[in-house]
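Chemist: Sequence:
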Amino acid sequence: MKDWFVYVLLNGAHIAYTGIALDVEDRLARHNAGEGAKFTRGRGPWRLAHVEGPLSHGDALRREMAIKRDGAFKRALKRSGV
1 MKDWFVYVLL NGAHIAYTGI ALDVEDRLAR HNAGEGAKFT RGRGPWRLAH VEGPLSHGDA
61 LRREMAIKRD GAFKRALKRS GV
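Under the UniProt record's numbering, the first residue of the sequence shown is numbered 1, with each subsequent residue one higher.
Hints are not guaranteed to be accurate.
[What the hints assert, rightly or not] Below, in silico cross-link-like pairs of lysine to aspartate or glutamate (EDC-like), each with a Cα-Cα straight-line distance of 16 Å or less:
#1 2 / 59
#2 2 / 23
#3 2 / 52
Rather than coming from a laboratory, the hints here were simulated on the basis of the structure.
Whole structure, please, built from the sequences with the hints as guidance.
Modeler: See below:
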């Protein structure tokens, strides 16, 4: 079983993006190179604000959805200035 990670990125405008990846550092580099998700293109540079894992793929997907629904969690990350 591969180890998956849930990550939250923030940009200079304090926009949050949540995703899952096997290699978070590589995924961050791809987001910043404009090769990541369509949502992140042209909105960088992105910085890593939060990581959770390792998790199974299913658990990572469930946690990603929970974070996306949890506005208080993302607001707390933005306020912390991570």
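Chemist: Indicate, hint by hint, whether the structure satisfies it.
Modeler: Hints, one by one, checked against the model:
no., hint, result
1, 2 / 59, "holds (12 Å)"
2, 2 / 23, "holds (11 Å)"
3, 2 / 52, "holds (14 Å)"
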